[in-house]
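In the order they appear, the protein sequences are chains A and B. The first sequence begins at 1 in my numbering and counts up one residue at a time. The second sequence begins at 1 in my numbering and counts up one residue at a time.
Honestly, the hints are just simulated from the structure, not real lab data. Heads up, a few of these hints could be off.
PhoX-like cross-link-like pairs, simulated, lysine-lysine; straight-line CA separation at most 25 Å [to be verified]: (1) A:K14 x B:K208; (2) B:K286 x A:K14; (3) A:K293 x B:K699; (4) B:K220 x A:K207; (5) B:K220 x A:K14.
Owing to the predicted nature of the structure, the values given are computational and were not obtained by experimental measurement.
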Amino acid sequence: MSVTLDIRLKRANKVYHEGETVAGVILLVCREALQHHGITLSMEGLVNLQLSSKSVGVFEAFYNSVKPIQLISSNIEVAKAGKVPAGKTEIPFEFPLNTKGNKVLYETYHGVFVNIQYTLRCDMKRSLLAKDLSRNCEFIVHSQPQKAKVVPTPVNFTITPDTLQNIRERTALPKFLIRGHLDATNCVISQPLTGEVVVENSDVPIKSIELQLVRVETCGCAEGYARDATEIQNIQIAEGDVCHSLAIPIYMVFPRLFTCPTLETTNFKVEFEVNIVIVLHDDHLITENFPLKLCRV
Amino acid sequence: MAAVQWRSRGRNYDAELQRCRPEAALVEFGDYHPLKPIMVTDTKTRRGTRKGSTSSSSSSSSSAPADPLSSMLDGTDPLSMFAAASASEAPAMSHSVSAGDLGRKKREKEEEVVGADFEPWSSKRGEILARFTTTEKLSINLCMGSDKGKAPSPGSAVSEKVRTRLEELDDLEEGSQRELLNLSQQDYANRIEELNQSLKEAWASDQKVRALKIVIQCSKLLSDTSVIQFYPSKFVLITDILDTFGRLVYDRIWTMCSDPRPLPDSFTVDDVNDTAKETCLNWFFKIASIRELLPRLYVEAAILKCNRFLNKSGIQETLPRLTAMIRGIGDPLVAAYTRAYLCRVGMEVAPHLKDSLNRNFFDLLGTFRQISGDSVQNQLVLQRVEVPEYLTLYSPAINWILQCIAYRAPELLLTEMMDRCKKLGNNALLLNSVMRAFRPEFVAARATDFIGMIKDCDEAGFPKHLLFGSLGRSLACADPPESERLTILNEAWKVVTKVRNPQDYVNCAEIWVEFTCRHFTKREVNTVLADIIKHMTPDRAFEDAYPQLQSVIRKILTYFHDFSLLFSMERFLPFLDMFQKDSVRVEVCRSIMEVFIKHQVEPTRDPVILNAMLHICKTMHDSVNALTLDDEKRSLALLIIGFIRMVSFGRDFEQQLSFCVEARATFCNLEPVLVQLIHTVNQLAMETSTVMRGSHSRKTAAFVRACAAYSFITIPSLSSIFSRLSLYLLSGQVALANQCLSQADAFLKAAVSILPEVPRSISVEGKLRSSESFLLDFINNFLATLLVVPDHPEHGVLYLVRGLLNMVQDYTWEDNSDAKVRVYVSALPLLAAMSQETYLYSIPKVDSNETLYGGDPKFLSEINKLCETLIGQILDHLKALGRDEQSTRRQCALAFSLFGVLLAHGDLRNNKLSQLAVNLWNLSHKHGYCETRISVRTLEYIKHQAHLPDMTHLTDTVQRLALQSRT
């Protein structure tokens, strides 16, 4: 006897905001009538924090995972113990997305050390002989748009051998001059990061120019806090020996789920940075770092 | 049965004709007649005016032409209507098969933008693949699943769907990093095709991630410029895959929206449901996170069309962005082709967005200096590729971009483009592309400018003959100002003639021939031909250039239809002599002949044309050998016949005859030609007779005898027995008509004598068929002629008829066939006609047997005896048929036909004969196979005949003819 249990949300993109109602149906498909001991549905929003082994040692990282922070939680009983008729059964449900007290619904974010996730879970209890059925379904929460006006704060940059830090042998460095600008360092998350980079000249041919999007996650705990930067994605914007003094566009779409508006709470922080990485043909790596502030409007 | 006595019925043909005529006129106007068109009759020409002008069958007032067949076809020919409909439909079909009516308007609007005059990519494809080839070994480096950026960190809790996708991805990673080395070009193309297939399979089995990976890997291959000569072809192969992918994605999203009813073609964003939008958005996010630049560009360009599902301005915003992103590609060749692809997609999806096309071109110009940069030069040295060759690799891409830009572009824009090229120091490569892509009219109007620019180009980069080739191509389609034409030709030819390499030379010269033919006279063309001969003869260079030389001939033939002019060109025939490979030679001759037949309207006697044409035809004829296919022979023969029909020496008949003699000697291997020659000669004889108004002088009589002799000796050389037979008969008739009695006799005798040779089956259109029906037809025809052939004074009475009948008797007919008896039955009317006092027809100035014998009773009794023998034979046969149950049907048919002959030609006053007729009637009705309708008709006819003055005896007979009703 096969039964499938599924949760279908009304919105195709599964995106909800605080104050809205998460609506959908529980879909039950079975060939014969099905006996059960009750169907429940729960909604939960959690922040999972994990300490990186780098900053606090392996064991602490293993044991000391910070307790998850619950943002929202509610439960409803969809059906009392009984029978589901054969065929397709749809049970509609609605959850208001409201927080208790002064809690805020952070935006969904999938990171390495910080995860903010909202799930719906449907359980069907059954008799001893049959296995209980359950189904998870993630939905996405977008935080409330920022009220203050976003000031783009563009930034210009010039990279020459002289502007670099962290170099071992300044003399071995070939000559180059790279200019450019980012249209904004205060970015709207739904809009791409844009700008331009111009290779004015370079003694050694360029191999590649890349944009590296980096998340900086900070978790606070009893012993202090851990701050880790990891790469989200790396996008190549130039390949090979590009034409000199021709503006190459900088363009990167912020990936969904892996980015969220810059977040700063008492327990953890999620920040973003972008690196412009220039690889020269002799494998010199030149990186210019720009902190970004993401927001939603 | 032997006691049948034949008496032919006396006929008065004139009276019978008279009797028939008024009856024909008796048809009332309003009467039904199957051939009468439903129409208002023309009141002026018809006699029926006084009766009122409308036909009773219909009052429709259409004034259709009188011919019912042509009236059917008037204006509403269903085939041409279909053709017209499908022609207008065809471009629309390619758009979307399942398009609704709503979309039609939109589609039409789109077609306004890209019409049929835009040369589509598909036509360029093959050309590029054929042109850019390599013998070097290629490699494909596919490493599935190496883009780190795409894989989300596995530490997080991911939904099941994502997990399965990740697993799928891992699958691919294991052992999927593979490099295929040492591939030949064909292997490479096959591999790519395999990838194309696996893309489709992956898509069909819902492995979307895998499909995307394949596409990404493929487009990654485009950044590899090793074996650079092959790059354009590689581009073609790989963009095919991208096109497939783009189509798959678009179609899938489109079908997602087609519930409940399919999306109209002109849909807007509001018609698209959320799920479809979300899926589409997902694709774009996925592609935006592709690590490498080139795949990201290509794949996004491939699904550019999907932007329509998301928002109105998507395409409009994406195109300029992608255009700008291409700047990031360092290799100028790779970048140029990426631009070409973007333009191609852009033209397909949003042809109205011209700006990004221009932007692309300007960027391209901007990066041109890279070609001379170190990176490129180093690469060329490494791959041992010369700069000119490298530059030609660009042309397909640049040509395409410029073609997109130039398509229906205003003059101003083109001028601007030209100026920009000029500013770049008359870069030859660009100039070449400009000339090829811009409208020929535009180029032609500035031809002198272009020549100047070409001259200013530096020789090192791009060969000048290619530039002149491109210019020539434009000038072949559009005319430069009249005053400049000669200068242009001189300037161009000055360069062309200096090209050393014969292959390059002929490629360029071939193009300029068209311009020369178009605007100049035979003198200039002759000069050009002389120059080509001069260049191509050394070292037999022409052997490698047959296609080009053939095209030269074709072009000349397009413009010169006056063959006397053509052949008076001194160099034309020497030019033809360069075609020394047989097949090509024949091909060329054939094309000349085709044009000749099409355009030579008047018959000619011009010795120049005749000589040249004979030479050409002889070439074609001499190419025929034992291995030549029948179809080939037939078409060659048709062409030669076409020529022979065009030869006329007017009143100089003897010359014409001697031409035929010569032609016979020349074309002896092609039977259809010989047949035509015999026809020509026969016609010649008849023309002579017409000129002499039927009475020949001594000279003309000798001439027509010569004609007859010609036919007589030509016919035996034919192998087809039926052509021989019919030509003997025809020539015999012609000889008779020209009072050459002995010749006619000889022809007919010859025909009779070869009758036994007729095989029982012949091949008709490749199938073996019984020859019986053909033979019967021929014999009937022959019999009809025999009526007027006078008996030979030295041979006995009815020598030929007897001879024929003997042959018929001895001939081995098919088993179970009535053919022989049918011949006998049909011989009876002839004999009856021969026994009349005046014959039904005669030949002027030839005395037939009627005059020779003057109704001599001996002659008549001879005829009667013959008839009796025949009837005896027929009756014997009927008896034999009666023995067998199965053949009763044949017996009945045969009996009825003999009855018919007796009725029409026999004198039924004779009791025995009338008894025989009655018996035959009964025999034919014995088994009930006779068709009642025909029997009734026949009876009616007999009754009708019986009313006539001297036919009253039929009344008796008719009473004895019983009609059997079928039960």
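Among the hints numbered above, which are violated by the structure, and what are their numbers in rising order?
Numbers 3, 5, in rising order.
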